[in-house]
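Start from the sequences, fold in the hints, and give me the full structure.
4 protein chains.
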Amino acid sequence: MKIWRFYLYFSTKNYVDLVRKYDIIIILNIFFWSTKKGSNMLNVGVVGATGYTGEKILDILLKHPQVRISYICAKIDKAQKISEIFPRFAGKIDLVCDNLDVEKAIKSCDLIFLAVPHKISMEIAPIFLKANKVVIDLSADYRLKNTEEYKTWYGLAHKDKKNLGIAVYGLPELYRERIKKAKLIANPGCYPTAAILALAPALTAGIVDTNSIIIDAKSGVTGAGRKASLDFFFSEINENLKAYKINEHQHMPEINQFLSILASKKINAVFVPHLIPMNRGILETIYVKLNKVKSEKDILALYKRFYKTEKFVRVYDAGQVPQTRNVFDANYCDIGIKVDKNKKLLIIVAAIDNLMKGAASQAVQNMNIVCGFKEDTGLK
Amino acid sequence: MKIWRFYLYFSTKNYVDLVRKYDIIIILNIFFWSTKKGSNMLNVGVVGATGYTGEKILDILLKHPQVRISYICAKIDKAQKISEIFPRFAGKIDLVCDNLDVEKAIKSCDLIFLAVPHKISMEIAPIFLKANKVVIDLSADYRLKNTEEYKTWYGLAHKDKKNLGIAVYGLPELYRERIKKAKLIANPGCYPTAAILALAPALTAGIVDTNSIIIDAKSGVTGAGRKASLDFFFSEINENLKAYKINEHQHMPEINQFLSILASKKINAVFVPHLIPMNRGILETIYVKLNKVKSEKDILALYKRFYKTEKFVRVYDAGQVPQTRNVFDANYCDIGIKVDKNKKLLIIVAAIDNLMKGAASQAVQNMNIVCGFKEDTGLK
Amino acid sequence: MKIWRFYLYFSTKNYVDLVRKYDIIIILNIFFWSTKKGSNMLNVGVVGATGYTGEKILDILLKHPQVRISYICAKIDKAQKISEIFPRFAGKIDLVCDNLDVEKAIKSCDLIFLAVPHKISMEIAPIFLKANKVVIDLSADYRLKNTEEYKTWYGLAHKDKKNLGIAVYGLPELYRERIKKAKLIANPGCYPTAAILALAPALTAGIVDTNSIIIDAKSGVTGAGRKASLDFFFSEINENLKAYKINEHQHMPEINQFLSILASKKINAVFVPHLIPMNRGILETIYVKLNKVKSEKDILALYKRFYKTEKFVRVYDAGQVPQTRNVFDANYCDIGIKVDKNKKLLIIVAAIDNLMKGAASQAVQNMNIVCGFKEDTGLK
Amino acid sequence: MKIWRFYLYFSTKNYVDLVRKYDIIIILNIFFWSTKKGSNMLNVGVVGATGYTGEKILDILLKHPQVRISYICAKIDKAQKISEIFPRFAGKIDLVCDNLDVEKAIKSCDLIFLAVPHKISMEIAPIFLKANKVVIDLSADYRLKNTEEYKTWYGLAHKDKKNLGIAVYGLPELYRERIKKAKLIANPGCYPTAAILALAPALTAGIVDTNSIIIDAKSGVTGAGRKASLDFFFSEINENLKAYKINEHQHMPEINQFLSILASKKINAVFVPHLIPMNRGILETIYVKLNKVKSEKDILALYKRFYKTEKFVRVYDAGQVPQTRNVFDANYCDIGIKVDKNKKLLIIVAAIDNLMKGAASQAVQNMNIVCGFKEDTGLK
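If you read the sequences in order, they're chains A, B, C and D.
Each residue of the first sequence is one higher than the one before, counting from 1 in my numbering.
Each residue of the second sequence is one higher than the one before, counting from 381 in my numbering.
Each residue of the third sequence is one higher than the one before, counting from 761 in my numbering.
Each residue of the fourth sequence is one higher than the one before, counting from 1141 in my numbering.
If you are wondering where the hints come from, they were derived from the structure by calculation, not from laboratory data.
Just so you know, even glycine gets a beta-carbon here, dropped at the ideal spot from N, CA and C.
Take these hints with a grain of salt, some might be off.
[To be verified] Covered by chain C, according to a simulated footprint, are these stretches of chain A (three or more residues, beta-carbon under 8 Å):
#1 242 to 254
#2 269 to 282
[To be verified] Below, computed lysine-lysine pairings styled on BS3-like, alpha-carbon distance capped at 25 Å:
#3 K1064(C) with K245(A)
#4 K1429(D) with K669(B)
#5 K721(B) with K1405(D)
#6 K1406(D) with K1434(D)
Here you go:
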C-alpha cells in the first residue's frame, strides 16, 4: 500500500510549500512491492445493494482508491446489472446484482457490508465471520447487548448471541481503538449517531442531570429505507408533518444503552421522532438540565475540546446553528449549543445526513479504520 | 326543492340591492312541500371511498347542500369508520367503510359514484344500472367506444358492451345536454379533460392542422392514484423529474377519440406525460400548427367566445399564463394561448387540478347536471 | 339576520328527520325585517390584502354568507385589480387594490382586518377605532400588555398605549366572552395559538411543573409572511431543515404572557422554532413535567372535558397523533397527548394550519363572535 | 505535471491487472521537475463566489488535484470568510470573500471564472484578458456573436465587441479543439447545453425538418440564480407548476445560433420553459419532424455513434428514458430518443443538472481542456 501513501503525501500542502521554495526538484524513488495477486486492493462485498444505504455505500466505494467492489447482491426477483437498476452507475460498475450466493461472496470478498434489514443480518453474519471475513453490519442486530431488550423491541429472539459478544459498536469518535481490532462492527443507527455524539461531551464531563434528557428528532424520509408502503408515498409525506412512535421508537434502547455507558449510570432519555417532507437529513434538538449553572462559553469550550482531533464532528461557534444542508452527502456530524442560564438548560442541536454519517459513510469510515487506511479516505 | 332555490335567490346580489333601497321589508312565504320520505335530499353512495378521488368526492359532497352521503365502501381489510381513516372528516361524517355490499348500496342510494380502478367498474356498474340507479363512473371503463381499443390499452376484453352504448362522456362543457339525460356517465380522465378543453375551440373552428398536435403534459403525483408502489415513494419523486410512457399512455386513445369527434376526422395526437414532484395539478403545453396565419388576438377572441357561458373554464387575457396554483382545489380549467406567427404555431397552456376538474369535482358537476341541481352547487 | 338563521335551521339534521317522518309538510313564515340600508350584510375591509394572511382572509370571506368585502388595500406600487394579483379570485371579486385610503376605508366598512406587519397596525388602528369601527388586528402590536416587553422584542416604543388597554386577545376558546364585546381584537400569533391551546387544560388544572415547559415548534414557510428574502428562497428551504431564533423568537413573550395568566404565576417556557420545507402547517411538540404521577387516561379525560364544547379544538384518542395534513386549510387545532409515567412527563402534540387557526380563519372566527354570527359561519 | 499523470496511470485498471499477474513488482522512477515557484498547481480565481454557480465551482475545484483556489470575490456588503457564508466549506477553504479587487485577482490567478450576471462580465473580462489570464465566463455576455441580438435580448449595447470575436463557445463535445486554444471561453447556458447536445446528432446528419423544432423545457429553481425575488419564494414555487417566457426566453437566440451552425441554415426553434418545484435539474422534451421515415433503431445508432467517444454524454438504450435524478450533481447529459413512425416525429428527452453540466462542472471541464489536464479530472 506504500504507493498510495506516497500519493497522499504528495498531495499535501507541505509538498506545495516544497515546490514553492525551489525551482528545480529531483526526486528519486524506488518502489519495491511484494504482493499476493490482487491483494493490494481490498475486495469488498455489499449485501443489500439495492436499498438506499447499499446504493450509497456503492457510491462511496466507487470513489475509494483502495477498494474494489468485488461482490454485490440483494433480494431481487431477477438478476440484473446494477447499472441498470441505478442508471447513474452506468460506466462505473457493471457487476450483476443477484440474490445472495454465500460461497461466491466468501470467495470474492475480504470484507462484507451487510445493508439488510435486522433479523437477516444475524442469519448471514455468522457464516461470513466463520469464513474469517470482516463484517460491517448496518442493521440493528448487533447493537443491543441485552438480548431481552432485542426481543422486546424487534419482536424476535436473537439468534447469534455468540457473535453479539464480539461485536464492536462502530461509532469511531468513541470506539476507534476497539474498531481497529474488530471482526464484526455494528454500525450505529441514524438517530443514535446524532444523539450520542451530541451528548457525549456533556455526559462524559458529568455536567448534566442524566434523568432530564429529551431528544426531539426530525428525519427525512430515506431514514425509513426503501420499501413499498403507503406511509411513504409522495403525497402522504409532501406538505405534511407528523410525530410518530412517540417514546416507542426502536432506536431508543440503542441510544439509552450508549448514553448509559457514557454516564456510567442508567439513562432513559425521552425520544420523539418526527417525519419531515424531505429526502435526507436528520436534525435533533436535545434538551437537558445542567447540574449547576454553567456559561455557554464554558460548555462550548468543553465541546470543542472533546472533538478537537475529530475530522468528522464540527462544533459550531456561539450563535451558529446547524442545518441539514451543511452536512448533505457528507460524513459530518455538526453540533451547535445554546444555554438558557435561568432555566439551567442546555440545548444541543445536531445535524447529520442519515444516509451518510447515519449509515453508509460511517460504515466506510469504520472500514477505513479496521483496514488501517487513512480514516477519511473516500470521505473527503 | 323550492326552499333551496329560495335560499339561493336571497344570496344573490340583487337581493342586496333590494335591501339597499328600502329600510323595512316584509316578506311573506308559504312553502308547500310534497315529498316522499327523505327524498328531498339526494342519497348518494361512493364506491372506492378511500382512494384519492373517493376521498375528494366525500370532501365535496359534505359541503353540498342537496346531497346526503348514504353509503360508502372500499376494498378494505377490516371495516373502519371513515373518520378514522381520514381524521380530518371527524365530526363531519361517521359512516363505516366496509367492502362493497351491493344490496345495501342499492337500498340506500339514488346515485352512485364509482371511484374504483378500471376493470372493476364494468363489473359493478351493470348491477346498479339494472337497479335503476344513476352511475357516475370515474374509471376508464366506459370512456372508449371501441372495445378493441379498450383491449389494446387496458389489456383485457370489455365485459359490458351493452351499457357502453348508453354511457355519456361526462365533459359538461361539450356534452351537457346528453349528460342531463344520462343513466351512466363516464367521467373523463385527468389528462384528457385538460387536452380536450384546450383544443376544442380550435378544432371546432377548423383553424388547425389536425395532424400536427403535440401534447406535452405534466402531472403531480396524485394523478397516479393511491397505491403502494416504489415508483411513487417520496424519495423517488422528490427532487426528480421524468417523462414516462412516451406516446404510450392509456389516456391517449381517450384524447384521440374525442379530438377526432370535435374535428370530424381521425386525429392521432402525440402525447408525452411527465411526473412532477408535487401532489396535485396538471399543466399541459400543447403545440399545434395553424391552417393559415391567424393573429393571437383573433384566436383569443375565438376561445373567449367558445367558453363565454362556461363557469368553469377561464380563458386568460393575452400575456397571462395559467399555473396550477390558480386552479388548486377548484373545478376550473384555466387556458392561456400564445401564437408564434412566423411558424404559424398555436401554443395552448391548460391547467387543472387533477383531483378536481380532472376527477372528483367534475364528477360532482356531472351529478348536479343529471339531477337538475344548479351546476355549480357545492363547487364554488 | 333572522333569514339566515332560518336557513341554517333548515340545513340541520333535525330537518332531515322531519321530512323523513312526514310526506307532506306545510310551513308558513312571515319575515319582518327592519334594516338600515345595506346593513344586513356586514361591510368588511381588509388592509394588507396581498400578503398570505390577507389573501386567505379574502378567500374565507368570499364564502361567508353574511359578509360583503367592501374595501381592500395593500402597500402596492400601482393600483391593480385583486383578481389580477390573484388570478384564482377571477370572477369572485373585482375590487381594485390600491394603497390605504383611510377615508374611503372608513366610509365603506363596518369592520376592518389589519393584516399588516407590526408597527404599521398601531399607526392605523387608532384611526379606525376613533371612527367607531371594529378592528381585528393580525399583527403583534396589541398582544403584549407590557410595553417594555414590546420594545425589547419588536425594537421600538409602542405608540398606542391607550388602545392597548382595551385590546382583547382573540383566542376564542379562552376569551370568548370578552371578544363578544371587543372593539379591538388582537388576533394571536401562529406559534402562540397552538402552544396556549395545547397547555391550557394542564395549566388550568394545575397538574404540571410550570417551570419545566419546553416547546419544540416546527413551522411551514408561510408562517414568515410574503417578503422577498433570500432566507425563504425555494432552494434555501427545500431539502433543508433548521432550528432558528433558539429561545429568542418574538412569539416567546406572547406565549409566556398567556401561559402565566392561565397558571396564575410567571412562566418562562423554553421555545425552539424550526423551519420545515413545506408551505403550511405548524406542529408543536411540548414537554412538561407533571406535579405528580398521573395516568394518560386521566389527563386525556381532562383535555376532552376542557374542550368538550369547542368546535375547533379536537382532542385525539389515546394512541393517535396529530399531523398537519389533518388541519390543512381548516380552523382546527388538533391535540394529542402521551404520558411517560416513569419520568412523570407529559408530551403534548398540537397541529394547526398557520394561515388558518394561526391567522386568517381565527380572525374570521373572532369576527363571527364579535358580530353575533354563528361562530363557525364560513369556517366549516 | 508528470507526477500526476503517473498517479493517474497507476489508478487505471491496467495497473490492477498488472499486480494481478505478478507477485513482486519493482518500479524505478526518476522524477525530474522543472518549475517556477508554485506553478505546478494552477492558481484559479472565482469572481461571484457566493452565487449558486460560484459556490458549485468552489465545491468542484476543492476536489480537483491540480488546482489551487487562490482568489475569490463577490458583490458583498462586508468581507467575510467563505466558510462562514457556506459552513459546509469549513475546514476546506478559508479564503476571505470581499468585493472584486482587480489587481489582487490578477496577481494571484492564472485563470479566472466569472460567475457573475451578464453585463458585469463584459466589464471585467477585458481587464483580465489584457493581463494575459484565461477567462471562463459563465454569463451570457460572450455567447451571442450578433451584438444586435444581444441588445434585443439583454436590453443594452455590447461593450466589448473586440473580445467577442475571440470568444469560444465552451461546449466541449462540439468545440473541443477550439477550446484548447481559447483565451476567453463563453460557458453555455443551461437550457442551451441540453438542447444543443440533444439535437446535434440529428442536425449534423441532416435527417430532420429544421423548421419544425419544438423544445419543451422544464427546470428546477436554481437555474434562475440566487436573487431575492418573490417569484422564487418557497411557497410560490412549492406545489405549483407553470410555463414562463413562452417563446421569449433569453436563451432562445443562443440555442438558435448554435443549432443554425450545426444545420448550416437559419433555425428558429420554438422554446417554452417551465418552472418545476425542485432545486436542481433540467429535462427537455424536444419534438422534431423527420425528413423521411427512419426507424428508432437507426436514429439511436446514429446518436450512439455521434457520442461514442464522449465521456459526459450518455445515450440511453431503446425504451429507457432519462430523468434528472440520474445526472444529479454530475457532469452528464443523458439523452433518450423515441420515434413516432406514423407521424415521422422524433422525440428527444435530455437531462442535465443545471448547476453542473449546465454551468459549474462544464466550466471546469473547459478549464481542464484549456489547461491540458485530463478532461474528467475532478469531475468523476
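Here's how the hints hold up against the structure:
no.	hint	result
1	242 to 254	holds (count 5)
2	269 to 282	holds (count 9)
3	K1064(C) with K245(A)	22 Å, holds
4	K1429(D) with K669(B)	13 Å, holds
5	K721(B) with K1405(D)	20 Å, holds
6	K1406(D) with K1434(D)	24 Å, holds
In this structure, none of the earlier numbered hints is contradicted; all agree with it.
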